[in-house]
Amino acid sequence: MSWLPCGVYHENYKQDHRWWQTKFVWGKMIFLFLFVYVLFPRFAGLYWIGVANIIGYTVLSALGVQLLIGYCGQITLGHAAFIAVGAYVCALSILMFHLPYVVSMIIAAFIAGLWSVLFGLPSAKVKGFYLIMTTMAAQFITVDFILTQYVSRIGGRGVAFSLPPGTIKIGPWVIDNDVEIYYLMVILVTLCTLALANLLRSRVGRAWIAIRDNDIAAEALGVNIVKYKLLAFFVAGVFGGVAGAFWVCNLAALSPEHFMWSWSLWLVGVILIGGVGSIHGVFFGSMFMVLVLEALKFAIAPLAPTFPQLQMKFLFLKEAAFGLAICLFLLYEPNGMAYRWWQIKNYFNLWPFSY
Amino acid sequence: MELFITTLVTGVMVGSIYALVALGWCLIYKCSGVLNLAMGELTLIGAYVCLSFYNWGVPFILALIFTMIIGIILGFLTERIFLRKLIGEPILTVIMVTVGLSFFFRGIVEFIWGTDTRVFSPPVFPLKPIVVGPVVIGQVYLWSFVAAIILLVAFVSFFKYTRWGLSMQACADDEMAALSLGVSAKFVYAMAWAIAFMAAGVGGTLLGNINGLNISVGYLGLLVLPAVVLGGLNSVPGAIVGGIIIGVLQNLSGAYLDQYFPGGVKEIAPFAFMVIILLFLPYGLWGWERIERV
Chain A
-9 MSWLPCGVYH ENYKQDHRWW QTKFVWGKMI FLFLFVYVLF PRFAGLYWIG VANIIGYTVL
51 SALGVQLLIG YCGQITLGHA AFIAVGAYVC ALSILMFHLP YVVSMIIAAF IAGLWSVLFG
111 LPSAKVKGFY LIMTTMAAQF ITVDFILTQY VSRIGGRGVA FSLPPGTIKI GPWVIDNDVE
171 IYYLMVILVT LCTLALANLL RSRVGRAWIA IRDNDIAAEA LGVNIVKYKL LAFFVAGVFG
231 GVAGAFWVCN LAALSPEHFM WSWSLWLVGV ILIGGVGSIH GVFFGSMFMV LVLEALKFAI
291 APLAPTFPQL QMKFLFLKEA AFGLAICLFL LYEPNGMAYR WWQIKNYFNL WPFSY
Chain B
3 MELFITTLVT GVMVGSIYAL VALGWCLIYK CSGVLNLAMG ELTLIGAYVC LSFYNWGVPF
63 ILALIFTMII GIILGFLTER IFLRKLIGEP ILTVIMVTVG LSFFFRGIVE FIWGTDTRVF
123 SPPVFPLKPI VVGPVVIGQV YLWSFVAAII LLVAFVSFFK YTRWGLSMQA CADDEMAALS
183 LGVSAKFVYA MAWAIAFMAA GVGGTLLGNI NGLNISVGYL GLLVLPAVVL GGLNSVPGAI
243 VGGIIIGVLQ NLSGAYLDQY FPGGVKEIAP FAFMVIILLF LPYGLWGWER IERV
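Which chain is which? The protein sequence lines are A and B, in order.
Per my numbering: the first sequence = residues -9 to 345.
Per my numbering: the second sequence = residues 3 to 296.
Hints were generated in silico from the structure; no laboratory data involved.
Every value quoted in this text rests on a predicted model; they were computed, and no experiment measured them.
Virtual Cβ for every residue (Gly too), placed ideally from N, Cα, C.
Label pairs and their calculated CB-CB ranges:
no. : chain 1 : residue 1 : chain 2 : residue 2 : range
1   : A       : His270    : B       : Ser186    : 40 to 48 Å
2   : B       : Gln261    : A       : Thr296    : 54 to 62 Å
3   : A       : Ala291    : B       : Ala179    : 54 to 62 Å
4   : B       : Gln261    : A       : Pro295    : 48 to 56 Å
Work the whole structure out from these sequences, hints included.
Here you go:
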């Protein structure tokens, strides 16, 4: 709740910075956790759990993009490259070095972060459109060249990168079906969101926001902008790496086609629809994109007998619908769904005297 | 040496097509400040429209003219429906609208024409290559070069000598002054998009003639981005020179670097060059250096 009810006063900074300040918010969050950890996996069918996994993957991937674009102002159109690096490093370290899954996920996140810093280096010198170009180059160089031509041929041509079932386990907990993946996803999403939200209310986060608002002014105020920009790239790469390492367990075989440029653009679209500069926005955007496209599938199903074309070419329809959704959102709701959510909340906060 | 000359000549010829598409891109940027990432899809649309006309039995030249007319209509529509409301919005918004448009256009192209490679049948240009001394050139390349040069000259003289072209120049130079002198900015933006659609359509058709037409032609259309970055974003001569240089670099790296880095070095080289250019020459060859104040 953005406004506190009457009669709640803060006496020190610690209280002022608390996340959940009222009983109502506590109740809401406890209900949310209960729903996500207990009720949903127990009562939802396997289909909806699969959909939830895709939403979770989108959230994990989009967190890094939100950090770069929404909080640090560095527009990136190549985030799928860092997710791909995370996925490949994780798979390689499991397959070749037989490391446990958690260790390889940490290594993957770290290497993806370093890879992201490498392509973030030009951000010290250029910004805006030119930075977009370098991140695009990162995408093409990493995925279309290095991964496609070299990395995916490790172990010989035609050998797919696939982890044998049962390899992905944390201690005794074997992750091999959708429900287990769901639990892993929920834990990772919770941890990453906590990490990002905490970073943003620290010195680092304030520096990022200063850079976003005006980098020259930030530099004049003593923020080391090169350091903080590269740090933003590193953290975003780490989130990407975690997302990639997570997605390994949902893929039968790893291939560069899962990390094409369109996935990078998709992620930027997700945060735009959700709302730039808002962690809520990542969740709203991911849910909107995944659920609306699922709904589109259901909407088309009754038309299928009369127009078989629609179902056969559903993939392309989905692409066009996504493009149109981005355009319409930017034209008619440029602040995203998070802003609408905020407005609705405030309306009910002040109801019935909203003036 | 022969390999070098052949590669160079082919590179210049392919580069002239890139130059044509880059000209359209640069025009939109100069006139309305929109950084257009949908250029690849504009080439796709033009190429597929032309292919449909041609395969229905319309003569090639006529098909090309029809494509240009449809390009003008689509350009006006796109500008009117999507871009006009975005004047003065932040850069990310504008870029993402063009990204949204690129998804939209690509989805529609794939929905209508499918993803299989299509060819112009019967071939538009004779298949027999032309031999000049040691150099062997496919006729497709030669005629594409000629067509691209004709169009480039036509566009450039349009800007220089016609009233509309002059109003576009005025608008690109100083929008406020142009508006106060009675130039209609809306018309100029619409013209810029129409010309971009036309140029991209012709470029896409020519590229589709070389290797057959499929979705990857849209990727070739993306090569205008390295070209305009090399030339400097707001310079029309820069776009033309940049396009040709990128074509040459691409072909040379395909011929010489491929033995060291087997695989797709040809597709990736322009982007790698672009990163290097950005590190050392961030405003390209003739771009305006922007001075920022807080």
